[in-house]
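A.B. asks: Sequence:
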Amino acid sequence: VRFQINVQHDCVHGKCTVSGRKVRIQECQETSIEDPEFIHKDTEHWVINTHSFHNAHLLRTVLPRHLTAPVPVFMDHMAKHAEFAQTLRETQEAKRAEQKAQRENNPEGGTSKKRKKT
Numbered sequence: 001v002r003f004q005i006n007v008q009h010d011c012v013h014g015k016c017t018v019s020g021r022k023v024r025i026q027e028c029q030e031t032s033i034e035d036p037e038f039i040h041k042d043t044e045h046w047v048i049n050t051h052s053f054h055n056a057h058l059l060r061t062v063l064p065r066h067l068t069a070p071v072p073v074f075m076d077h078m079a080k081h082a083e084f085a086q087t088l089r090e091t092q093e094a095k096r097a098e099q100k101a102q103r104e105n106n107p108e109g110g111t112s113k114k115r116k117k118t
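Counting in the working numbering, the sequence shown runs from 1 upward without gaps.
Please note that the accuracy of each hint is not assured.
Unchecked claim - List time: in silico DSBU-like cross-link candidates among lysine-lysine, alpha-carbon distance up to 30 Å: (1) Lys95 with Lys80; (2) Lys41 with Lys22; (3) Lys80 with Lys41.
Treat the hints as calculated values from the structure; they're not laboratory data.
Can you build the whole structure from these sequences, using the hints too?
C.D. replies: Structure (structure tokens):
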């Protein structure tokens, strides 16, 4: 054994259902209350979160690359970055214009918010 990992059953691919019932235990006693229970239909599909634990680097050494390769959110990340930057510029310009208008409309000539003196 090289290392331990935690896996979760992949109920989506396994098409598991909540078709079972189990008796609720309360203070070490069985009650008359039944709770729904997942029935797992296969034991072949598992999910491993490779970014959430301390030994992910070890896991990546034993899994095939296609299972651990990063998947880009955007195909052209530079174009998306430029789009986000432009949106931010427009938002900031509008915010600054609004703040300037508030300062000009303030009869006291100061800002509308009180500031702490430090």
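A.B. asks: The structure should be examined with respect to each hint, and the outcome stated for every one.
C.D. replies: Outcome of the hint check:
no. : hint             : in the structure
1   : Lys95 with Lys80 : holds (22 Å)
2   : Lys41 with Lys22 : holds (17 Å)
3   : Lys80 with Lys41 : violated (41 Å)
Going through the hint list in order, the structure does not satisfy hint 3, though it satisfies all others.
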